[in-house]
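Model the full assembly from the supplied sequences, consistent with the hints where possible.
Protein chains in written order, with the numbering used here: chain A, 1 to 346; chain B, 1001 to 1116.
One or more of the hints may lead you astray.
As the list claims (entries may be wrong) - Computed footprint of chain A on chain B; a stretch qualifies when at least three of its residues, placed anywhere within it, have a C-beta under 8 Å from a C-beta of chain A:
#1 1033–1043
#2 1060–1070
#3 1105–1114
If you're looking for bench data, these hints aren't it; they were derived computationally from the structure.
A virtual CB, placed ideally from N, CA and C, is assigned to each residue, including glycine.
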Amino acid sequence: MEDQTRFKGLHISDQLAGEITRTEELAYELKISEVMTQNPITTSIEMTMEAVLNTFRNHRISGAPVLEGEKLVGVISIEDLINSLRKNDISSPVKKYMTTSLVTVRETDTVIEALKLFVHTKLGRIIVINSSNQLAGIITKGDVTRGILKALDHDYKEEEVRRYRASHLFEDISSDRSSLILRYTIKVGDFTRGGSASSNIKRALLRMGANPQLARRCGIAIYEAEMNLIIHTTRGGIIRVEIEPHQITMQATDEGPGIADVDLAMKPGYSTATQEVRELGFGAGMGLVNIKRCVDWMQLESTPGVGTKLKIKIFLKEEDTVGEGYPSTKESIKDESSGNNKSFGA
Amino acid sequence: MNLQEIINHLGLEVLTTKDKDFSAVEPQSGYISDLLSCVMAGANPLSLWVTLQAHINIVAVGALKEVAAIIITEGARPEEGTIQKAEEEGITLLATPLSSFFIVGSLWELGLREKA
Chain A
1 MEDQTRFKGL HISDQLAGEI TRTEELAYEL KISEVMTQNP ITTSIEMTME AVLNTFRNHR
61 ISGAPVLEGE KLVGVISIED LINSLRKNDI SSPVKKYMTT SLVTVRETDT VIEALKLFVH
121 TKLGRIIVIN SSNQLAGIIT KGDVTRGILK ALDHDYKEEE VRRYRASHLF EDISSDRSSL
181 ILRYTIKVGD FTRGGSASSN IKRALLRMGA NPQLARRCGI AIYEAEMNLI IHTTRGGIIR
241 VEIEPHQITM QATDEGPGIA DVDLAMKPGY STATQEVREL GFGAGMGLVN IKRCVDWMQL
301 ESTPGVGTKL KIKIFLKEED TVGEGYPSTK ESIKDESSGN NKSFGA
Chain B
1001 MNLQEIINHL GLEVLTTKDK DFSAVEPQSG YISDLLSCVM AGANPLSLWV TLQAHINIVA
1061 VGALKEVAAI IITEGARPEE GTIQKAEEEG ITLLATPLSS FFIVGSLWEL GLREKA
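Below, the structure is given as structure tokens:
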């Protein structure tokens, strides 16, 4: 029993907790009653060993609990049976050969308790008892495996359901025009979190059923806009993404310093990044160029001393729609894509 | 050729989890640059990205571009936070004291090309 105390002092650090797999977690969550075999084959105390042999053979089992009336008194296994066979004594009763020192677990215990016992006792099956110490069932390693697989399958199905729901977000919502808006506040100089808004948006799009190619394009465009806010602004900015069944609109807004010459800023290789930032691998002068390459429509509006507003759109074909609910008529979509600002159609 | 064979041939150090089955990863192409926006523009999914940048933003770029792994050259060492971020994003970080030139040359010799 001293082995069991070994687990007591184990301190679970955050890092260790992060390494615990879902399977291990389940061993601590699942109750033995959920995985055990109920109503197992039992033998009585007076049964002959010959009858035990037939029972084992007929039910293809290698052990069984022994009952005296309702009371659990022992366990009989194939080893005990071999023992009686070697002594040519199979007409003797179970009472003579059974093991009476019982290893048991409670049905309310978690599966991990059974797993510990399997390791420490090398037993193949453990008897499960209820709160009044009566036989409740039997648990084998096979039961544990099956139980965990079933639970994992359940988890998997739940994830599938969640994914399905996200990918049909707009389908059952009636409105003239539905959209999902995601907002991210980007801090200036926050290189450590650089790229997290774009990864989150990309993940959201994939969840909503976007095709991977499209999610990647969006991810790249938003990443560059995000890094621009981190590198070039005075006070950071806001990224706002609007997801609609027929288009994705992204807007990056900041409060300065503004771009003096928008045409020059759009030139491949032109950058105002500092030496320090360039050493990190930024400032290639490709950011806006990359954005333009990835989107269907782009508008860059900037006033020095006031701020910059970048707006981009990716139009979705019906087969590439996210969240379902693609508009049936094009006329229902009015766009502000016409303006007197600098637009870069692609 | 799979990533495990590449790791063995080039003697690369695996900085992120070693529990991944690298033999199941088949890099399809390579890309070399230390300018992140160029990588954003040029690297293909499942490519090997060779760079001497080791700071945290390479992880975001690698994840968005879905590269097979990032090979950090010339003995540059990412910080612990970078490695942790890479684990979260499922990006493999490999390190070598050798130069980018030497690594790219070896990858080419091993037969890594551009597979569309």
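Against the structure, test the hints numbered earlier, and report the numbers of the ones violated in rising order. 3
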